[in-house]
Amino acid sequence: MTKRRFIVEPRGLVSWKVRLGVPVASVLAAFIVAGIFLFLTGVNPIEVYSEMLDAAFGSPRGISETLISATPLILTGVAAAIAFKMLVWNIGGEGQFILGAIVASGVAIWLGDGVPSILMIPIVIVAGGLGGAMWASIAAIPRVYLGTNEIITTLMLNFIALALMNFLIFGSSSPWRDPEVSTFPQGRPIPESARIPEIFFRLTGGIFIAIALAVFAWYLIGKTRWGFAVRIVGDSSDTARYAGIGVARKILTVFLLSGAYAGFAGGLFVAGPVGALDPRSLDLGLGFTGIIVAALAGLHLIAIIPVAILMGALNNAGPSLQAIGVPTATVTMLQGAILIFAVAGEFFINNRIRRPDIEPDEESEVTPVLEEVEPA
Amino acid sequence: MKEEYIMARSRWRILAIMVVAFALLAAACSSSDDTTDTTAAAAGTDTTVASGTDTSGEVLKVAFVHVGPVADKGWSWAHDQGAQALKAEYGDGVEITTLESIPEGSDAQRVFEDLAANGNTLIFGTSFGYMDPMLAAAENFPDTVFMHATGFKTSENMGNYFGAAEEARYLSGMAAGAATETNLIGYVAAFPIPEVLRGINAFTLGAREVNPDAEVQVVWTSTWFDPPKEGTAAESLIDAGADVIAMHQDSAAPGQAAEAAGAGWVGYNTDMTEFAPTAWLTAATWDWAPFYITTAQQVLDGTWKSEAVYGNMADGMVVLAPFGDSVAQDTQDLILVRESEIIDGAFVVFTDPIVNQDGESQPLGDIFGMDFFVEGVIGSPTG
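Here the protein sequences come in this chain order: E and G.
Heads up: the first sequence is residues 1 to 376, going by this note's numbering.
Heads up: the second sequence is residues 1001 to 1383, going by this note's numbering.
Some clues are possibly wrong.
[As the list claims (entries may be wrong)] Computed beta-carbon distance windows for the label pairs: (1) Lys-1153(G) with Leu-164(E): 23 to 31 Å; (2) Gly-42(E) with Val-1019(G): 26 to 34 Å; (3) Ser-1380(G) with Lys-223(E): 55 to 63 Å; (4) Ala-1023(G) with Gly-58(E): 58 to 66 Å; (5) Ser-173(E) with Ala-1346(G): 51 to 59 Å.
Hints in this document: simulated from the structure, not taken from any laboratory.
The C-beta atom is built at its ideal place from N, Cα and C for all residues, glycine as well.
Hey, can you work out the whole structure from these sequences and the hints?
Below, the structure written as structure tokens:
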């Protein structure tokens, strides 16, 4: 065997410094590479980045708008992450989000005025979760009992959900459609009592609900006995089966929980800034972005919160860039660059590259077993 | 070993799924995005840094928000032409910021508020779906003037504007009625809403004035701007026997389909002769320049008042496009006579009562809530 210049070997125990440092470095690297690209197209990257920073965090109103955009992404991110942890490939967050919005707005309209906010808002959000879980169950039950491929079924259900929402508003005189506006079909406003109050500019209390739900998911998966069993299933279903864990049931529950979180996002979005089943306001790809958020956060349920805020900030910066003559597509490019670098970074989290003649430090001397049971 | 294999495999799965998710997301946003690159260079020349440091009271900062790319050569492009005329009129006296491909819906409120916070004192939103978000932004920024196209809500500092396209639609219908030999005209239409129904009805009345046997068959696309879908709809109408295609869409795709099939074409929004020079007959088009200049002047003078503006051919907001080569001279003369009658008020497009699709006479009602088809239209007015 010829002597190699570099050796790639798995890291053993991955320290928290690496876990945190590599993703941050990945994001920075993405900004640098995208900056070179911007520079080559004749745009000053410093000006672009300072404009983006200013738009997203430069004013109290900007911060409130960033958090508004982050709110649904936290939940669709958690939805994707809890499924992926279990090796359940639910990429139907988009459809489950829409169904959450449909059921949440439907329940709010059906209950009408007269239910106090303190009851109405939780009911609407829970209804959204049920809607999302219900939509997920269409893919989850065949996955668990018939072994269908959930990647395909959840993906297809996204388009069906979108078509269903469009039908309810554009194609029929459903209860979701506003009967008072004849000029153009639009959603019927939900009762004022179902709207989450604004606390800071347009930001509603929904951000706290989203964070609380994310923390709850983290606790559930990472700290409870049930979550421990779920993680074992995710690591090795054979081991889980050997340990007497009901694998099918666990997978089904996690799949539905994942759908419920996407549905919470839909319910929260309707009860928050949108206030109606409005296809134009809801068809923003928030479910798809959630998958990216989950992946960037390394499926860590708490890390999803800052990552969602970063993605929300990037999203909002687009129009501001146009105002200085830079196309919105720049933001899409940046998001793509961040994604690629984060995926590459994932490799460096789990592996190290060293010269064969240099002895590894003590870090890798630790047996790699611990990684397998590390909590969320 | 197996676990390692599963872990490795799952990592690749995550990678693959992320790429798919990103592709889906990019596709979801890209239908209008892909032209931004070409237009940004042009936009860059007349846009300026919206820094919020408004030191000079002389310069009027005006912003335009469009739902599609301004390079669509249709609806948004026509508005952008108006914006450029405004710039040409005032030169350094105005600073224009143009934002394109901004989705309608609640998220647009942020965009309007950002513009207002950055010192724009006059903000135009050129798509219907901006109405409610703009109304909310107007409430938060009471010192900024907001103008919304095609809507029906106004407030203290938000007005709306639109125009009687039906006048030019009627005239373009005359050109189509004279051109058809199969007596079937295909109409590719976006959504079954009063604005579109008004256009179809006016067009049909015009076509049947010169050709009482002509019928207009309507196909709904449920989109304002989707070139492949619009083109396919036009092809299906040609297959059904139509030899002239009309449209209420923002792209030139129906015209290109007509050109390929040797049919005639009545466009919309702008003079699109270049896309189908043989098929081109004429079109109802918009000239927003006079309105934008007038509004800017009112804001500068402090005389602006919130109102609902409905322009027409007489004030120049609605214009009949130049005729194509295939429009016979006597047809052109006939149309020009009608045009002058419309402009001086001697002729009105819709009469009360009016004969509906079933051949029955009915009251005209409010044309802004029009929900029926006139005699000669084939299709459903509810979509």
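Hints and how they fare:
| no. | hint | in the structure |
| --- | --- | --- |
| 1 | Lys-1153(G) with Leu-164(E): 23 to 31 Å | holds (28 Å) |
| 2 | Gly-42(E) with Val-1019(G): 26 to 34 Å | holds (29 Å) |
| 3 | Ser-1380(G) with Lys-223(E): 55 to 63 Å | holds (58 Å) |
| 4 | Ala-1023(G) with Gly-58(E): 58 to 66 Å | violated (32 Å) |
| 5 | Ser-173(E) with Ala-1346(G): 51 to 59 Å | violated (41 Å) |
The structure fails hints 4, 5 (numbered hints given earlier, in ascending order).
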